[in-house]
Amino acid sequence: MNFSRYLARRLGYSVFVLIGLSIVIFLIARMVPGDPARAALGPRATEEAVQALREKLHLDKPIYVQYVYWLKSVLQGDFGESLFTRRPVIEDVKEFLPATLELALFAGLFMAVFGILLGILAARYSNTWVDNLIRVFSYLGIATPAFVVAIILMLVLGMRYEIFPTIGRLSSWVEAPPRITGLITLDSLITGNFAAFFDALKHLFLPAVSLSLGGMFQEARITRSSMLENMKKDYIAAMQAYGVPKRVVMSKYLLKPSVIPTVSILGLDFASLIGNAFLVELLFNWPGLSRYGINVMLRKDVEAIVAVIMILGIVFTVVNILVDLIVAYLDPRIRLVERGE
Amino acid sequence: MQWKKLLALAAVSLLLLMAAGGVLAQESQKIVRFTEAWPTYIDPAVAADFSSSVSVANLYDTLVFPTYDGEVVPHLAERWEISDDGLTYTFYLRKGVKFHDGSELTAEDVVFSMNRLLTIGQGYSYIFKPVIEKVEALDDYTVRFTLKKSFGPFLYALVRLYVLNKDLVMQHIEDTGEYGEYGDYGKRWLLTHDAGSGPYMVKEMRMEEYLHAVQFPDYWKPIPEDAPLEFKFIGTTETATVRTLMSKRELEISDFRQPAEFYKNIAKLPGIKVAKLFGGSTFYCMMHNQKPPTDDIHFRKALAYCIDYDAIANQIFPGARQAQGPVSFILPGHNPDVYQYKRDLEKAREELKKSKYYEQLDQYPVDLVWCAEVPDEEKVALLIQANAAEIGIKVNVVKTPWMKIIDEVATPESTAHMYLIFVSPHYAEAGSMLQSKYHSSSCGTWEQTEWLQDPELDAMIEDAIATVDHEERFAKYRKIQEYIVDLCPSLFLIDQPENYAYQDYYIDWVAAERAERGEKVNPVMGYNHYMLDVKVYPEKRDELLKK
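Chains as they are written, first to last, in my numbering: chain A, 10 to 350; chain B, 5 to 551.
Chain A on its own, in the form it takes in the complex:
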């Protein structure tokens, strides 16, 4: 099977997954008790205004008809209008998704770099105090929910020592860069606004660390065990017998095969970061898509709920495909199996 056919097949499966997801989430969003139109306009809005909104949302029609209307709009790029921000959901997504992506990218970066580094360190010094220390921190890091870490970091580094800011993406006295990508760090670099760049980095630090800690230690554990397992293999023994320096053996022959399971998990963890960021976003008042997603669910903002879940579903699917491709690149055996050899 060649690469393009493999990719086409994966994309085809994904379309079915997304259609299934859309049906399930559409039904759930509309079956939750409460009249979305009344909730949106408030208990004191006139009945005419509420009825007009119901009709606009097609809430007066059977649910399958509502779904057909929704699907038709989505295929034209229209995800409907948020009942609470009162503007097209797609505009909300455009506004809030970059904040979450920026947070997830930095958290992912922390997770990948420090996770793999700690894993290497633990493997290199396995069963020494270094390994034991990393192990203790790993258990703590994996077991502690991100929001608890966030509160601790906020109280210590934000409040007690006042090193990092604890709210928003930029300080009020720093001029925001013009919106190009929506990622403030990138936009400020593009426009040469270094004050905003450093300020944005400082704002990113606590939420990104809080969010990444669990995944980071998980990657560290996986990298460690994978490296230790590969260390026992014959080809490593052969390399060592040839007198190849340990540094070269580790970095050139051991690391690449050992990070394959880490990369698989890393991809999924990265996709989960976007969905799981909501508590961290709430705590740091981070105007991201996860926080928006929770708010729209609490408010029964039907169109926005479906759109947010679909966006998260798409991100998850795309990341999954990318991870498969990266793993296939790293591990030739996977490519052979796909070719049926």
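Possibly wrong hints are sitting among the right ones.
Claimed, not checked - Below are the DSS-like pairs computed for lysine-lysine, each with C-alpha atoms no more than 25 Å apart in a straight line:
| id | chain 1 | residue 1 | chain 2 | residue 2 |
| --- | --- | --- | --- | --- |
| 1 | B | K524 | B | K539 |
| 2 | A | K241 | A | K265 |
| 3 | B | K133 | A | K65 |
| 4 | A | K255 | A | K242 |
| 5 | A | K255 | A | K103 |
| 6 | B | K351 | B | K295 |
| 7 | A | K103 | B | K207 |
| 8 | B | K277 | B | K551 |
| 9 | A | K211 | B | K550 |
| 10 | B | K153 | B | K483 |
| 11 | A | K211 | B | K252 |
| 12 | B | K544 | B | K280 |
| 13 | B | K133 | B | K153 |
| 14 | B | K408 | A | K65 |
| 15 | B | K539 | B | K225 |
| 16 | B | K133 | A | K70 |
| 17 | B | K252 | B | K539 |
| 18 | B | K360 | B | K295 |
What the hints assert, rightly or not - Example chain B residues on the side facing chain A (calculated, C-beta under 10 Å, incomplete):
| id | residue |
| --- | --- |
| 19 | Y45 |
| 20 | T92 |
| 21 | R192 |
| 22 | M464 |
Hints listed in this document are in silico derivations from the structure and should not be mistaken for laboratory results.
Ideal Cβ positions, reconstructed from N, Cα and C, are used throughout, including at glycine.
Model the placement of chain B on the given structure of chain A, informed by the hints.
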């Protein structure tokens, strides 16, 4: 080794990042920041909740302005005339009032604002919709309102008519809207912009994040010297965040939605106090007046006599006070002499004996619903359950999400026996509460789960609200309160204060100071956060930070 270099690089980056803090130190600003739950709408035809009301009160002007003692004084209108039949109100506008874009405010803008509010049918339109016949500009500075029927509190209700810049709004309408020639009536644009003449104007509005407004330099009224140059409304109520911001002096006034522990702890920090502002909100236990056994007046009164009100007011909601009747003591028109039920188990048992359900109480357990989103309500529900058990009434405590409650109370059949619900007045007068809580027209809404359909009471309420004479109207309100207390359709639990932590050391906040002196605060929602009634001293803030 390579990894060592990488670790060193990471450590250096972190240090650089931390060092950047010195470069970006915060400068002192003459700013007041406060937190509140979102969404916030700054469009006056949509705004109706707390945060929106605070925003529009600072961005827009009204014909009359509400005072702390519940009266209204001239504002955009210099004076007014009311016809003898109470159906025509003529206002004479102040000349030279500028909108934020520099254009002059005229009667045409007032007409546009009222018509826009009524057409959109959201926000505070419900106050005006039933009474406004027409509104017309007689000339540039005279506007006349003609009412369908006499509405005594009309003048007081006008604090909710915020005047928009017609030309500016019309420049920004989107043709795709549902309001015919007015397109979307500028709703999309007004989500993030203002078209007002108020003392502050929008600098930046980021949905779900914050509203940042700055002082309007050409405001028609003199601005006090130490009034904030800007204010920022931050969209969060997360306790950890609010606490951190308060302690870092990056927040001047907290929201009022924090748990009791927050206020207790934050007040221990130097320079921070907690203000308790009674805003007119009352906490009721509403009883279904058509469903057995709460359809029996003696059964209801038995419950009213067995409740431990002190525990609710002092332990569950510290700082609250037991409600005296159906109208909060803060609201103009409250009856301070109305009978107040107290815990008295003897009386409770006597009333219960008179009830037709007395002999078969075990067959009539009652369901008491509390709102899942307000955890403190569970404590009240459990207390009522325990109190009722003392006289032999079995209460089932039911936790229900708010959206489900709204659905449930739509019909008498699906409405449970009892609901714990906070209700606030629509406008700052007793009549508002009496109408929304006890007039039969509000049955089926969350404001009246009692299903009280009493023609005599309806007539009394309608008559009182139609009375233009202030004293006469208030006398009628007092009488209605006596009638309702005697009927005991609900348990009048507490008048709930809004608790705000604030930076007492470097801001002067009129509302907080009045509350501390035991004086009434502004009963109109949003006006205790009127920024011209706040003074801020940034140098004192810096002093506090250095400590």
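Comparing the hints with the structure gives:
Among the hinted pairs, B/K524 with B/K539 is consistent with the structure: their alpha-carbon atoms are about 20 Å apart, no more than 25 Å. Between A/K241 and A/K265, the direct Cα distance comes to roughly 15 Å. Compliance with the 25 Å bound is thereby established for this hinted pair. Proposed proximity of B/K133 and A/K65 is supported: the alpha carbons are some 22 Å apart, at most 25 Å. Restraint check for A/K255 and A/K242: the C-alpha separation of about 15 Å stays at or below 25 Å, so the hint holds.
Restraint check: the Cα-Cα separation between A/K255 and A/K103 comes to about 49 Å, which exceeds 25 Å; the hinted pair is violated. With a C-alpha separation of about 23 Å, the suggested pairing of B/K351 with B/K295 holds against the 25 Å cut-off. For the suggested pair A/K103 and B/K207, the alpha carbons sit about 21 Å apart, so the restraint of at most 25 Å is met. Using a Cα cut-off of 25 Å, the hinted pair B/K277 and B/K551 holds, with the two alpha carbons roughly 18 Å apart.
As the CA atoms of A/K211 and B/K550 are separated by approximately 22 Å, the hinted pair is consistent with the 25 Å bound. For the suggested pair B/K153 and B/K483, the alpha carbons sit about 22 Å apart, so the restraint of at most 25 Å is met. Pair hint A/K211 plus B/K252 holds up; C-alpha atoms about 16 Å apart against a cutoff of 25 Å. Pair hint B/K544 plus B/K280 holds up; C-alpha atoms about 24 Å apart against a cutoff of 25 Å.
With a C-alpha separation of about 11 Å, the suggested pairing of B/K133 with B/K153 holds against the 25 Å cut-off. Taken as a hint, the B/K408 and A/K65 pair is honoured in the structure, with Cα atoms around 23 Å apart against an allowance of 25 Å. The suggested pairing of B/K539 with B/K225 holds, with an alpha-carbon distance near 16 Å, which does not exceed 25 Å. With a C-alpha separation of about 29 Å, the suggested pair B/K133 and A/K70 falls outside the 25 Å cut-off, and the hint is violated.
At roughly 19 Å between alpha-carbon atoms, B/K252 and B/K539 fall within 25 Å of each other, so this suggested pair holds. Proximity of B/K360 to B/K295 is assessed by CA-CA distance (about 13 Å); at most 25 Å being required, the pair is judged to hold. Interface restraint check for B/Y45: the shortest CB-CB distance to chain A comes to about 8 Å, inside 10 Å, so the restraint holds. Given the 10 Å rule on beta carbons, the hint for B/T92 is violated: about 24 Å separates it from the nearest Cβ of chain A.
With 10 Å as the threshold, the beta carbon of B/R192 comes within range of chain A, its nearest partner Cβ sitting at about 6 Å, so the hint holds. At about 22 Å, the closest approach between the beta carbon of B/M464 and any beta carbon in chain A exceeds 10 Å, and the interface hint on this residue is violated.
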